[in-house]
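One line per chain: the protein sequences are A and B, in this order.
In this text, residue positions in the first sequence follow my numbering: the first is 1422, and each later residue adds one.
In this text, residue positions in the second sequence follow my numbering: the first is 1422, and each later residue adds one.
Derived from the structure by calculation, the hints contain no laboratory data.
There may be inaccurate statements among the hints.
Derived DSBU-like pairs (lysine-lysine); straight-line CA-CA distance at most 35 Å [claimed, not checked]: (1) A:Lys1495 / B:Lys1582; (2) A:Lys1716 / A:Lys1703; (3) B:Lys1780 / A:Lys1582; (4) A:Lys1570 / B:Lys1582; (5) B:Lys1525 / A:Lys1601; (6) B:Lys1571 / B:Lys1463; (7) B:Lys1489 / B:Lys1768; (8) A:Lys1462 / A:Lys1783; (9) B:Lys1659 / A:Lys1582; (10) B:Lys1571 / A:Lys1601; (11) A:Lys1659 / B:Lys1582; (12) B:Lys1632 / A:Lys1790; (13) B:Lys1582 / A:Lys1780; (14) B:Lys1495 / B:Lys1582; (15) A:Lys1582 / B:Lys1785; (16) A:Lys1601 / A:Lys1659; (17) B:Lys1743 / A:Lys1779; (18) B:Lys1495 / B:Lys1571; (19) B:Lys1525 / B:Lys1743; (20) B:Lys1664 / A:Lys1582; (21) A:Lys1634 / B:Lys1785; (22) B:Lys1463 / A:Lys1582.
There are 2 protein chains.
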Amino acid sequence: MEDEREFIVTPWEVRGEVDYDKLIREFGTMPINDDLLNRIKKHTNDLHPFLRRKIFFSHRDFDWILDKYENNEKFFLYTGRGPSGHTHLGHLIPWIFTKYLQDKFDTELYFQMTDDEKFLHNPELSLNETINYAYDNALDVIALGFDPKKTFIFLDTEYMKTIYKIAIQFSKHVTFSTVKAAFGFNSSTNIGMIFFPSIQAAPCFFPSVLKGKNIPCLIPAAIDQSVYWRVARDVAPKLGFYKPAEIHSKFFPSLMKGGKMSASEPESAIFTTDSLEQAERKVKNAFTGGQATIKEQKEKGGNPEICPVYFYDYFLFDFDDKSLSETYNNCKNGCLLCGEHKERLAKSVKDFLSDHQKKREKAKNIIDKFILRD
Amino acid sequence: MEDEREFIVTPWEVRGEVDYDKLIREFGTMPINDDLLNRIKKHTNDLHPFLRRKIFFSHRDFDWILDKYENNEKFFLYTGRGPSGHTHLGHLIPWIFTKYLQDKFDTELYFQMTDDEKFLHNPELSLNETINYAYDNALDVIALGFDPKKTFIFLDTEYMKTIYKIAIQFSKHVTFSTVKAAFGFNSSTNIGMIFFPSIQAAPCFFPSVLKGKNIPCLIPAAIDQSVYWRVARDVAPKLGFYKPAEIHSKFFPSLMKGGKMSASEPESAIFTTDSLEQAERKVKNAFTGGQATIKEQKEKGGNPEICPVYFYDYFLFDFDDKSLSETYNNCKNGCLLCGEHKERLAKSVKDFLSDHQKKREKAKNIIDKFILRD
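With the sequences and hints as input, model every part of the structure.
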């Protein structure tokens, strides 16, 4: 059964219905198990719903990060964004979780905007466009409430003097063979993209360089980025640095049938810049796990397991486990009709967006506190 | 005959006895002919000995640069140095000629120190070492008397914020196939080196970007660098820039038998940091075109055509054509013995070094006027 479901997960493409257990085996990562959750809880008191619900489901060396932390060796957080368009709700998942980690462990965060990568990868995008998206996306990061004293957002093109010095030391240990195998590059790949894995690796190390001591690095990110850190982890010891640790999230589901939210299919995703009307329309037009008619729905019940409307509650709009469980049961037993459920979700989404957009506006006044430049 | 002489000319290696006519054919450049020399002379009044003696022997689009100049469209000069060690006399040839062009055409000069490349290429060199050599080598550039108001020396690692933005636009048009064919890169080449041709191409264009208008670029350099500009010329029109023009020098000969001066064979070259005693010893130990004994030399005469001591006069230490011709004839007819000739050259070299080293010391006080940083 499992092998019949085809899916692809690369840093540039996620397609098909993802089998996350299979990904853990293929990528050679570790599942987040109850032992690890209990250990996290000792430090955080409560467990974030993303952990309880296994939305963050996989890791490398997160246990080692806790060893270090318990040994009074603080880590820093590193995550980022490829600014190829506006931010959608799926992008917020790792960032919300990163904010939780910053709060609970009192850590610094380095946030990379890969304006260079998105320009190099996408024939349609100019560098000005990716730079503009980077600043636009930064507002969404800031709107989530990160601590300006401990959060450093940088665009690759504006912080390259610092990045490049580390990147070339990294790249001296990485051959074309390596990136060909890891990223599927070939003879037609442009030489900017070929070098780019060095740029994405550099922030694992430059806080250590800047502070003159080896600092553990934890990267919260969607699992599609894992290949970058795999190469980074291979090279780290050769440069005298700790291997970066990782904690991986699943992909936020599409509003359409199957797959993840995608900026290239605007109807599949709700963007933070959507108007409330647009957002409502997208929710109302969403695919569901419901039956064809109200009569059938009342008789047979719906399928929350395949329903984007239910997934939205699960991922982001109902963090109350009891309430979510009621939704699930009411859907299953036919008491909750898709129309009602969509109505309720549309309201939650609009409330969220309306609040987020206010914070996003305010972020424009404080963005300079966050941006790191050479 | 020609095909039996094996030689290799790449940006990283020059080996064997170079056939410059063959290089012109292989690289597809143009010889500098009398028509071009006469045209240059109209603007410069006198011809630099490097032109008269065909030490600068090849070009691409130098005639186009003169078209532009005559049409009141000023060009800028771009050259550079790979700082893998101290400067030797051979490195000075293109720089002395560049200074002549700056004086005669009143042009700006952008001088690139590829500290990144030398670090990436050489397994033995650390980045700190190449950075230190870059500053050391810059003193030699400045000692030649460039105009501080019109001369901009930059280390790649310190000017990367500016360079990178242009370099990635360049690299988007260059595939691995292209650099594989042009530079002989393969699967074992590190990804920093693979990207590097973009970094060396960028200064052909960034003065245009910084000034907001397309400015013709002329690159005086030894011919081994030509492959970089060939790639740069292919891409330039795709970015809306002029193709850079080039003027190429021959290699300064080794003091030992055959080949060019090489930093990797210290006895083959005189470094600007050599003591006068070291320099004298190297000249005295040089290979010559002389006979085995004084008696034979007086009877048969020497061979200036293969003699490094004569080449030194030809390239750098006797710019008086009449005097050089006398030296040639006196060697040929056995009147000039190798010992005498070496004695005379040693004095010239020591005079030159002594003067250069004073200017080099003074350069330490004004280096900040020349260095461009982000």
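How the hints compare with the structure:
no. : hint                  : in the structure
1   : A:Lys1495 / B:Lys1582 : holds (30 Å)
2   : A:Lys1716 / A:Lys1703 : holds (25 Å)
3   : B:Lys1780 / A:Lys1582 : holds (31 Å)
4   : A:Lys1570 / B:Lys1582 : holds (25 Å)
5   : B:Lys1525 / A:Lys1601 : violated (49 Å)
6   : B:Lys1571 / B:Lys1463 : holds (23 Å)
7   : B:Lys1489 / B:Lys1768 : violated (43 Å)
8   : A:Lys1462 / A:Lys1783 : holds (33 Å)
9   : B:Lys1659 / A:Lys1582 : holds (26 Å)
10  : B:Lys1571 / A:Lys1601 : violated (44 Å)
11  : A:Lys1659 / B:Lys1582 : holds (26 Å)
12  : B:Lys1632 / A:Lys1790 : holds (30 Å)
13  : B:Lys1582 / A:Lys1780 : holds (31 Å)
14  : B:Lys1495 / B:Lys1582 : holds (26 Å)
15  : A:Lys1582 / B:Lys1785 : holds (24 Å)
16  : A:Lys1601 / A:Lys1659 : holds (20 Å)
17  : B:Lys1743 / A:Lys1779 : violated (83 Å)
18  : B:Lys1495 / B:Lys1571 : holds (13 Å)
19  : B:Lys1525 / B:Lys1743 : holds (24 Å)
20  : B:Lys1664 / A:Lys1582 : holds (27 Å)
21  : A:Lys1634 / B:Lys1785 : holds (33 Å)
22  : B:Lys1463 / A:Lys1582 : violated (44 Å)
When the structure is compared with the earlier hints, violations turn up for hints 5, 7, 10, 17 and 22 and for no others.
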